[in-house]
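My request is simple: use the sequences and hints to build the entire structure.
Respectively, the protein sequence lines represent chains A and B. Numbering-wise, the first sequence is residues 7 to 255 according to the working numbering. Numbering-wise, the second sequence is residues 533 to 840 according to the working numbering.
Possibly wrong hints are sitting among the right ones.
Said to hold, decoys possible - When the alpha-carbon atoms are kept at most 20 Å apart in a straight line, the in silico DMTMM-like pairs for lysine to aspartate or glutamate are as follows:
#1 A:K253 with B:E837
#2 B:K839 with A:D246
#3 B:K638 with A:D246
#4 B:K669 with A:D129
#5 A:K253 with B:D749
#6 B:K778 with A:D129
#7 B:K839 with A:E243
#8 B:K804 with A:E231
#9 A:K220 with B:D671
#10 B:K778 with A:D28
#11 B:K669 with A:D28
#12 B:K711 with A:D155
#13 A:K249 with B:D749
#14 B:K778 with A:E216
#15 A:K247 with B:D783
#16 B:K750 with A:E243
#17 A:K237 with B:E831
#18 A:K237 with B:D578
#19 A:K158 with B:E703
What the hints assert, rightly or not - To list a few chain A residues with every Cβ distance to chain B over 12 Å, as calculated:
#20 L55
#21 K58
#22 D87
#23 L143
#24 G156
#25 R190
#26 P195
#27 M198
Everything labelled a hint here was simulated from the structure, so no lab data went into it. Where a beta carbon is used, it is the ideal one built from N, C-alpha and C, also for glycine.
Each chain, letter by letter, is given below.
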Amino acid sequence: MKILVAVKRVIDYNVKIRVKADHSDVDLTNVKMAMNPFCEIAVEEAVRLKEKGVATEVVAVTVGPKAAQEQLRTALALGADRAIHIETDERAESLAVAKLLAKVVDEEQPGLVILGKQAIDTDNNQTGQMLAALTNLPQGTFASEVAVDGDKVNVTREIDGGLQTVALTLPAIVTTDLRLNEPRYAKLPDIMKAKKKPLDVKTPADYGVEVASKVTLLKVESPAERKGGIKVASVDELIDKLKNEAKVL
Amino acid sequence: MSILVLADLHEGQLAGATAHVVVAAQAIGGDIDILVAGEGVQAAADAAARLDGVNKVRVADNAVYAHQLAEPMGALLVALADDYSHVLASASTTGKNVLPRLAALKDVSQLSDVLGVESADTFLRPIYAGNAIATVKSDDALKVITVRTTGFDAVGSSGSATIEAVDTVVENTQSSFVKQELAQSDRPELGGAKVVISGGRGMGNGENFKLLNGIADKLGAAIGASRAAVDAGFVPNDMQVGQTGKIVAPDLYIAVGISGAIQHLAGMKDSKVIVAINKDDEAPIFQVADYGLVGDLFEILPELESKL
Numbered sequence: 007m008k009i010l011v012a013v014k015r016v017i018d019y020n021v022k023i024r025v026k027a028d029h030s031d032v033d034l035t036n037v038k039m040a041m042n043p044f045c046e047i048a049v050e051e052a053v054r055l056k057e058k059g060v061a062t063e064v065v066a067v068t069v070g071p072k073a074a075q076e077q078l079r080t081a082l083a084l085g086a087d088r089a090i091h092i093e094t095d096e097r098a099e100s101l102a103v104a105k106l107l108a109k110v111v112d113e114e115q116p117g118l119v120i121l122g123k124q125a126i127d128t129d130n131n132q133t134g135q136m137l138a139a140l141t142n143l144p145q146g147t148f149a150s151e152v153a154v155d156g157d158k159v160n161v162t163r164e165i166d167g168g169l170q171t172v173a174l175t176l177p178a179i180v181t182t183d184l185r186l187n188e189p190r191y192a193k194l195p196d197i198m199k200a201k202k203k204p205l206d207v208k209t210p211a212d213y214g215v216e217v218a219s220k221v222t223l224l225k226v227e228s229p230a231e232r233k234g235g236i237k238v239a240s241v242d243e244l245i246d247k248l249k250n251e252a253k254v255l
Numbered sequence: 533m534s535i536l537v538l539a540d541l542h543e544g545q546l547a548g549a550t551a552h553v554v555v556a557a558q559a560i561g562g563d564i565d566i567l568v569a570g571e572g573v574q575a576a577a578d579a580a581a582r583l584d585g586v587n588k589v590r591v592a593d594n595a596v597y598a599h600q601l602a603e604p605m606g607a608l609l610v611a612l613a614d615d616y617s618h619v620l621a622s623a624s625t626t627g628k629n630v631l632p633r634l635a636a637l638k639d640v641s642q643l644s645d646v647l648g649v650e651s652a653d654t655f656l657r658p659i660y661a662g663n664a665i666a667t668v669k670s671d672d673a674l675k676v677i678t679v680r681t682t683g684f685d686a687v688g689s690s691g692s693a694t695i696e697a698v699d700t701v702v703e704n705t706q707s708s709f710v711k712q713e714l715a716q717s718d719r720p721e722l723g724g725a726k727v728v729i730s731g732g733r734g735m736g737n738g739e740n741f742k743l744l745n746g747i748a749d750k751l752g753a754a755i756g757a758s759r760a761a762v763d764a765g766f767v768p769n770d771m772q773v774g775q776t777g778k779i780v781a782p783d784l785y786i787a788v789g790i791s792g793a794i795q796h797l798a799g800m801k802d803s804k805v806i807v808a809i810n811k812d813d814e815a816p817i818f819q820v821a822d823y824g825l826v827g828d829l830f831e832i833l834p835e836l837e838s839k840l
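Here's what the structure looks like:
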């Protein structure tokens, strides 16, 4: 079985973001970028399925600017066999990405597609579900366990207040949640080897997909700044403040 | 304009989130219908009909909608969406699971986690884990929106909307429900708790997290943790509050032994009141805390528990 893994280049999760002075967007100039954390979990899961003999090939795909090839190389270093870069400098929203991925699914015919549940920049949490709808495949979102069993996959999902397990016919779309696995770090020899693995470059036009969206970003602002409060001297004073000033007890 | 709100169900009953989504729908303006879909959901439909400001409750009661699996729910929404200008759901795990399918099948974008309504086509939503707020305008014919319920009040329940059955039945051969395990804790769920008490690396080890139990019991609080505490192996990942964990906004958030890394602040800084307990008086957490208490948490926690 072939597994397709989608990854996204985003701001590193440790970086404190800055809004541009003209409020047009978040300033990404000279900011450290990395693979989206949920996508790292997706790559790890695909590689583990290959190591277990469930998968025969892992193909990583991304939609983004030229620099996003760094994240594909990371995926290759972590164990993906080859990569597809759909290059665009436009802001590709979830729907456009899902349409592009649907074309790749059509071409590659994977048994399983694994994506992060959301990217930590736009926080949309949409692409996997949209891809499932467009390809008419079942979905197991927010997965904390993925168990392939013949022509089915059981996906345990993190839902509000607990866990839900669903059985899906294959091929299927899975999106990862935090507890699915702990991604490994790429080792230096693997990073070197990854440079030689195949990486195809395509454009949205190759797939006949229009990236433009009907959603316009009007402005981006910093949330209301939270002012630091006071230091209290004792537990008694803390309880008094919470009861009588903040009125939360 | 007319708005369809997908009702949230919790164990077959109407969940509190729906009353908040109706307030978001009122801010958009227009007739508001609620869709209750599931199996054996008459009680939930009756509860939805009592919500103020609702025009009509549409009930799709069929085994295929049991557990609100994404595939049949998406297909049902597609069948009903043509009557509406907006389809809304709470940003619960059900709303997040189902609505993008509707959006994709109607070839429109979705706006996720909306926390403010400027007009019928312009909305506020958090990006970068709430570290920035985007104002976005949608020119799509159908607006598909998930609502962050902490951004909206709830309507009352003195209404009496009409209830009508939806006969649409879709097929689902692709997915089936296997099992569900809802946490049987007496404590509230982290995402919806009014009070959250979280421990960080300063707790020292997993055993010491028990020091939070008594306080959590007295306050009816959920217990969370920082990523540092999770990475150190003190507690499981599902307790993590932060950019890569749960985003919470309770009335009271108590951070114990948490320094206040950006990634943690992103997950809790919208809490109404923040208390920080830390031995390092320079810790960044104090810059966002309403009340800071500098000291040894191993002395402070037992004292706090006994005095609450």
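Structure-inconsistent hints, enumerated in ascending order: Going through the list in order, the structure violates hints 3, 10, 14, 18, 23 and respects the others.
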